[in-house]
Amino acid sequence: MKKMTNVIVPLALGAFLLAGCAKPPTEQIEAADKAVRDAQQSGAATYSAQDFAKLEASLAAMKKEVADQDAKFALLRDYGKVEQLASSAKAEGERVKGDTEKRKEEAKAGALQARQVAQEAVKVAEDLVASAPVGKDRAALEAIKNDVEALKASLNQVQMAIDKEDYPAAQTQAKAINDKSQAVSAEIQTALAKVGKGKPSAAKKK
Amino acid sequence: MRAVFAHMLRGFAVCQGLLLAGCLEAVPPDLVNALESVDHDLVALQAAETAPDDYAHFIRQWIPLRARVQSDDDLVRWPWEANDLETELRRLLEEGGGTVARLHRERDVKRQMAKDKLTRVEDRLRLIASKVDAIDGRIVLGGKSVQADLLVKQARSFYDHQDYQRAIQAADQAGRALFVEASVLSKELGRYTDERRIARWQTQAQQTVDWSRTHQSTAIVVNKADRNLILYKNGRPILSYPVRLGFNGIREKQFQGDGATPEGRYRITAKRGRGQTQFYRALVLDYPNQDDRRRFVQAKKAGHIPSTKQIGGQIEIHGAENELMAQTLGCVMLENQHMTALFERVQAGTPVTIVGALTEGNAVALALSQLDVRKDET
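Chains F and C, in that order, are what the protein sequence lines are.
Residue numbers for the first sequence follow this note's numbering, so the first one is 10 and each next one is one higher.
Residue numbers for the second sequence follow this note's numbering, so the first one is -10 and each next one is one higher.
Excised from the complex, chain F in its bound form (with noise of 0.2 Å):
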């Protein structure tokens, strides 16, 4: 009987022991670790800018509880907090992901209309200016034949923030090219509504 107890208490002292060590959960970890990353990558800090710091101080809390679980004595380890945290801060960053992939889809569409609208500006302007007619405004039609380029010139500039996913720059510009554009064709008509609609003269050396 002596003999058998020998054997049984260490036995079942070491199942104990084995049971008692808690490990972190290493996957889940990672998992949460995954989706944050996924989340800044998709421009969270720009476009869920809140929700991502919300986010960032989840995982922060969460490997906070990791230290502290590893830092006490082998057997008092708990890391169903960790778990708990860790499956929460991984649904969030998915969550934050797509929240900020439908946003900055929003504003990437938002740019991309006042682009079009503001294309639509500029060539009316650009029409305006080759039916002009050479007359009494000429000094004026050259001058804004000059502004027509530089405002095809910088819708360039607008193409440029598109790429670089500054989506709200792109807006603005695009927005003070429509009005300019706009601007620029009542200049043209007004100046036609004084000349008439004559014919252009020939070229003469000057």
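Check the hints yourself; a few may be wrong.
Computed, partial: chain F to chain C, Cβ under 7 Å [said to hold, decoys possible]:
#1 P34
#2 A58
#3 Q59
#4 A62
#5 E158
Counterexamples of contact, computed for chain C against chain F with all Cβ distances above 12 Å [stated by the list, open to error]:
#6 Q196
#7 W200
#8 L228
#9 T297
Since the hints were made in silico from the structure, they are not lab data.
All C-beta atoms, glycine included, are put in the ideal place defined by N, C-alpha and C.
Use these hints to put chain C onto chain F, whose structure you have.
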């Protein structure tokens, strides 16, 4: 025995009552609400975008503390237990409240700064535009005026969307673009403020007037800055008319097609009446003269003029082609009734001196002085 038992029971009940009464909530709900409110204020201030470090600092403390508040373990405590959770929440409330107040102040400062800068560049843009129009100098700027205009509009747009940081950046860029505009005008038209140049023009004009007196004849002086033509007879002014110049007339003519009106001493080589010109009468000048040719060759050699460019010619003083179509590509144009009067009083050989300006207070110099480039440095 029963009495003892009943006494014990009562004692137990009293103790239990006392203990229950002594249980305290770990955190007063008002405190949690106040911190929720701080978070809400920070969100409303767009702290995550405008002050990400401050917001991260707050939220990294608030999230774990809120988790502890929500955790069952911390809901109640015994009176003799230290309440570090409440202490930490109160510290965070104080810190967060301070952050909210500071961010409010910073936002007000930023808004005011954006407003001031925006107002300044908008005023500057209007001033430059009005002066440039007044001297027909828009062509000189090329597309630069559009760039400045677009930046000012962007700054306004950002400001209206309460993005004060970007409004400030755009206003600063606009300020620099306006500085470039004023600098270009100053450089291109600086000769209208050059005392020595003006003195030379005055000499040329005076010699023309003197010639008129000496030869008891007529002579013409055209002043580009003030856009007028004066006809002298026997050294005395007898007619003065406003003129229009080429579309780039404010500049000094360099080559064919630049739209600039030449400056120098010329003579009328031919008078063209009805049917002889596309315009309502014209006085043909001897441009290019020897001085013009010499300047042209020198400028070409120096690389200031592209090698393919020609010097041009057929510079005239003329009337309008018809009422609707009045154009000039580098000539001097008068209203038709003025042209009639002038045409009748001059002949081939009449001297015509075209100068940039005759006084230091000429229209271009005045406009440039009001655009003092130093003011652009916002």
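*With 7 Å as the cut and Cβ atoms as the points, is F/Q59 at the interface with chain C?*
holds, 4 Å
_Interface-negative label, C/L228 against chain F, beta-carbon threshold 12 Å_ = holds, 22 Å
*Could you let me know if the closest chain F CB is still more than 12 Å away from the CB of C/W200?*
Its Cβ never comes within 12 Å of chain F, the nearest being 27 Å, so this holds.
*With chain C as the partner, please determine if F/A62 meets the hint condition of a C-beta pair closer than 7 Å.*
holds, 5 Å
*Tell me if F/A58 is really an interface residue toward chain C, meaning its C-beta lies closer than 7 Å to one of theirs.*
holds, 4 Å
_Just want to verify: C/T297 was marked as not at the interface with chain F; is every Cβ pair farther apart than 12 Å?_
holds, 15 Å
_Hint check: 7 Å Cβ-Cβ cutoff, F/P34 to chain C_ = At about 17 Å, which exceeds the 7 Å cut-off, the nearest Cβ of chain C leaves the hint on F/P34 violated.
*Hint check: is the beta carbon of F/E158 less than 7 Å from a beta carbon of chain C?*
holds, 6 Å
*Examine each Cβ of chain F, and state whether all of them lie more than 12 Å from the Cβ of C/Q196.*
Holds, since 26 Å exceeds 12 Å.
In the structure shown, a violation is registered for the earlier hint numbered 1 alone.
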